[in-house]
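**Student:** Sequence:
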Amino acid sequence: MLSSTAKNLYWMGRYLHRAKNTARVLESTQRMALQSGTAEAGVVADVYSLRTEFLARYPQGALADLLDFMTLDDSNPSSLVNTVRAARNNARAERNNLTVDVWESLNALWLDVAAQTRLPRAMVDRGALLELVKKQTTMIAGAAQSTLLRDDAYCFLQLGSYLERADNTTRVLDVKFHRLCPDGDPRHGSTDYYEWSEILACVGAVRTYRRIYHSRIEAARVAELMVLRRDLPRSVHHCLWQVDLSMRELSETYGTRGEADRQAGALHAHVRYARIEDVFATGLRPYLEDLGLRMAQLSEDIGRQFLFD
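Numbering (this note's numbering), first residue to last: 183 to 491.
Everything labelled a hint here was simulated from the structure, so no lab data went into it.
The structure displayed is predicted, hence computed values, not measured ones.
Possibly wrong hints are sitting among the right ones.
What follows is a set of in silico ranges between Cβ atoms, one per label pair, in the way DEER data are often shown [unchecked claim]: (1) R392 / R467: 36 to 44 Å; (2) P468 / M321: 36 to 44 Å; (3) R412 / T464: 15 to 23 Å; (4) R412 / M305: 41 to 49 Å; (5) M305 / R444: 47 to 55 Å; (6) A297 / R389: 28 to 36 Å.
Calculated pairs, EDC-like style, for lysine to aspartate or glutamate (alpha carbon to alpha carbon, straight line, at most 16 Å) [unchecked claim]: (7) K316 / D333; (8) K316 / E431; (9) K317 / E286; (10) K317 / D294; (11) K317 / D283; (12) K317 / E222.
Yeah, the Cβ is synthetic: ideal placement off N, Cα and C, and Gly gets one too.
Model the full structure from these sequences, guided by the hints.
**Tutor:** Here it is as structure tokens:
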């Protein structure tokens, strides 16, 4: 496979899941604002490391401003319009490696989002836009899962998808957990039901939490579920397990192993054998920040190993 093809498919996966993750976070934030009135736009901007850029463009820092900034603002590289556009451009370059179902679903998403940019901002239903992105990206993922050949092209798409998902879960938990438990001790933090439900909603795990723990929402268990439970599809553990599997399949396909293979295996083992008590003993925030740095390094190693640049 050409390195340019691998790169396009990898980044198609990343951008698609970035759009979906952003829609989830914004939707849960909007719901939180309606339920309790405590949603803070700046905190959400922190998830994407965009607080400075957000406040420079929208000094009032209102929630409505954040929704504009993260959905249809063309000046924000992480806005929905830009991430969907980037995913579509990568897919268009690789139409021969995608099925008709995948391409048409993604192209339809782009056309729907692009249509919103031509409306006056006052006429844009942001809630409906977030729901659209969530549903359409789920359809694209379903089309990929059910129609794509399980070859190296599929592996690169999976690599990008799961690494992006792991990064998002880490960012959401890091920022929001620190806000509710500033000293890092889950016993001393907020016990507000809506606040913790919002965090779980970002990864679609509110009902899953109740099913597993059969108890009121507790900070330590939220962290355990989102980081260490392999059976939760959006947990860091599950995502890094899938990244490791994709790297193993690529190494079997090409008959070689490199630094990215080693890093993927080490990172998976790091979360696989971790215990939540040990994580809190050393500090959840340092643990998550280290994970974020190691995932960023893994992405660079993947690009270097497969000659993306």
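**Student:** Now tell me if each hint is right for this structure.
**Tutor:** Evaluation of the provided hints:
1. The hinted window of 36 to 44 Å between R392 and R467 is violated, with their beta carbons roughly 26 Å apart.
2. Between P468 and M321 the beta carbons are some 38 Å apart, a value that agrees with the proposed interval 36 to 44 Å.
3. In this structure the supplied range 15 to 23 Å holds for R412 paired with T464, their Cβ-Cβ distance being about 21 Å.
4. Taken as a hint, the range 41 to 49 Å holds for the pair R412 and M305, whose Cβ atoms sit roughly 44 Å apart.
5. In this structure, M305 and R444 meet the distance hint of 47 to 55 Å, their C-beta atoms being roughly 52 Å apart.
6. Between A297 and R389 the Cβ separation comes to about 33 Å, which falls inside the hinted range of 28 to 36 Å.
7. Between K316 and D333, the direct Cα distance comes to roughly 27 Å. Violation of the 16 Å bound is thereby established for this hinted pair.
8. Between K316 and E431 the alpha-carbon distance is near 29 Å, which puts this suggested pair outside the 16 Å criterion.
9. Of the pairs offered as hints, the one joining K317 and E286 holds, with about 14 Å between alpha carbons and a cut-off of 16 Å not exceeded.
10. About 12 Å separates the Cα atoms of K317 and D294, which keeps this hinted pair within 16 Å; it holds.
11. Distance check on the hinted pair: K317 and D283 sit about 15 Å apart at the alpha-carbon level, within 16 Å; holds.
12. Between K317 and E222, the direct Cα distance comes to roughly 25 Å. Violation of the 16 Å bound is thereby established for this hinted pair.
Of the numbered hints given earlier, the model fails hints 1, 7, 8 and 12; all others are met.
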